[in-house]
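K.L.:
These protein sequence lines map, in sequence, to chains Y and C.
Residues 1 to 166 in our numbering are what the first sequence lists, from first letter to last.
Residues 1 to 280 in our numbering are what the second sequence lists, from first letter to last.
Where hints are given, some of them may not hold.
As the list claims (entries may be wrong) - Restricting the straight-line Cα-Cα distance to at most 20 angstroms, the calculated cross-link-like pairs of lysine to any residue (SDA-like) are:
hint, chain 1, residue 1, chain 2, residue 2
1, Y, Lys49, C, Lys78
2, C, Lys12, Y, Leu83
3, Y, Lys161, Y, Leu83
4, C, Lys78, C, Leu50
5, C, Lys248, C, Val184
6, Y, Lys110, Y, Ile150
7, C, Lys10, Y, Asn48
8, Y, Lys49, C, Val184
9, Y, Lys89, C, Leu14
10, Y, Lys110, Y, Ile153
11, C, Lys12, Y, Ile150
Said to hold, decoys possible - Incomplete in silico selection of chain Y near chain C, CB under 8 angstroms:
hint, residue
12, Asp50
13, Leu51
14, Phe57
15, Leu79
Simulated from the structure, these hints should not be mistaken for lab results.
Just so it is clear, CB atoms sit at the ideal spot from N, CA and C, and this is done for glycine as well.
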Amino acid sequence: MNAWLKYGLMFIGLLLLQVLILNNIMFLGFINPYLYIYFILILPSSVNKDLTLLLGFALGLMVDIFCDSIGCHAFATTLLAYLKPHFQKIFGPREDYEAIIPSFRSFGSKEFLQYTTILVVIHQLAYFFVEAFTFTGFFQTLLKAVCCSILTILFIYIIEKLSYKR
Amino acid sequence: MRSLIRFLLKFKTLFFFLLLEVLSLAMIVNYNQFQRVHFLSSSNIVVGTLYNFSNSVSNYLSLSSVNQSLVEENAELKYQNEKLNIQLDRLRYDTTYVRRNEFAEDKHFIFRTARVVHSFTNLRNNFLTIDKGESDGIQKGMGVINEKGVVGIVYDVSGHFSVVMPILHSEAKINAKISGKSNVGTILWTGHDVRYAKLKEVPQYIPVELGDTVKSSANSAVFPEGLMIGTITEIERLNNDFYSIDVKLSVDFSSIKYVDVIEFRHKNELDELERKEVSK
């Protein structure tokens, strides 16, 4: 399949999955998985950094529009998109770096999980602190970020496991 | 100059990143102004349509719980309606209503909604099974109605289910009266047609007309007075000074889904008092 079409569909699919279904989970009243960032996490390394940034910003802004939280997701996802190539360099395989799609297979399970965990946690911390826009209630915000991170990582892990089997 | 351009180019990703972050922060800070920009909020047409669609899906999925709550609300309203009806009745023909009204207030009927889990209509002695039992406060002998009128009487109770003896049973003898008359007769089912029953023991000196409604009487502590049972469709004069009246039942037993069980809170008290009188 044409790569543009494939990633375009994935962009829309993950966006709709996020805003129509996952945002309604509200486990224990406040825990949602933010799976849409999976799109940024698995962008191929051949995508240039500016485009990654732009995609991150656009995706975040789209989610924001649905959540009426203008700017929060955009901020966090742009940060994620900026850091993603750097962490890919750290955890990804050194050889034939040029066309790697991050996954269990290409990184190795352990490295991919570390890569995912760090980026998801950064994203969630950024999102929740920017959303709260204050450091009062620091631990509450921290708890939210950690819980949502765990759920998000779990979702990504399951998806990776399923596609790894095939 | 060239070195400045080279510097900018070298860090162009960083600058782009910072630009986007500043833009995001600006949006957050000026949140209220951005809310006015319709296409950036969930009030825009695309988002609205999508939410509408997903809402209709989730609405469809929650239909059964909505239904349940409506049914319960219905029972509550019925209970209130019954209370008001009793008050209204007293007010209509009783000038000393104040004291009687207190009695009506006291004579609480409690309605409990139950779902019919199984029903027979094709036997001579039919039964309904409902999904509430002893643990829900149902007891033997309580009246059962639905929104159309009288259904029957609770016949047997287990922990979570009850068996109801409907009008369509040879042993079900429900006290009834013709609307507007005070004389009491008995509703009996003849076993032929689930839509019809007979009203017996109405003496011939009372004028009865086709189309009169038959309602529950106040004679029993099972049903509140004036619940619909059916309408008169045929009148026959017997030799023994009584009528034989055909009644079209208002309850459609073949499609019964939900019923209300009526508890008369002071039934035991009344029974005891009456027993004492009889044994005297």
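K.L.:
Take the hints in turn and mark each one as holding or not.
P.N.:
Hints versus structure:
1. Y:Lys49 <-> C:Lys78: Since the Cα atoms of Y:Lys49 and C:Lys78 sit roughly 68 angstroms apart, the hinted pair is violated (cutoff 20 angstroms).
2. C:Lys12 <-> Y:Leu83: At roughly 15 angstroms apart (the allowed maximum being 20 angstroms), Y:Leu83 and C:Lys12 satisfy the hint.
3. Y:Lys161 <-> Y:Leu83: violated (24 angstroms)
4. C:Lys78 <-> C:Leu50: Violated, because 39 angstroms separates the two Cα atoms, which is more than 20 angstroms.
5. C:Lys248 <-> C:Val184: holds (18 angstroms)
6. Y:Lys110 <-> Y:Ile150: Answer holds: Y:Lys110 to Y:Ile150 is near 16 angstroms, not above 20 angstroms.
7. C:Lys10 <-> Y:Asn48: holds (14 angstroms)
8. Y:Lys49 <-> C:Val184: Violated, because 91 angstroms separates the two Cα atoms, which is more than 20 angstroms.
9. Y:Lys89 <-> C:Leu14: holds (17 angstroms)
10. Y:Lys110 <-> Y:Ile153: holds (13 angstroms)
11. C:Lys12 <-> Y:Ile150: violated (34 angstroms)
12. Asp50: Holds: closest Cβ of chain C sits about 6 angstroms from Y:Asp50, inside 8 angstroms.
13. Leu51: It is violated, given that the least Cβ distance between Y:Leu51 and chain C is near 10 angstroms, above 8 angstroms.
14. Phe57: holds (5 angstroms)
15. Leu79: Cβ of Y:Leu79 sits 7 angstroms from chain C, so the hint holds.
Consistency with the previously given hints fails for numbers 1, 3, 4, 8, 11, 13, ordered from lowest to highest.
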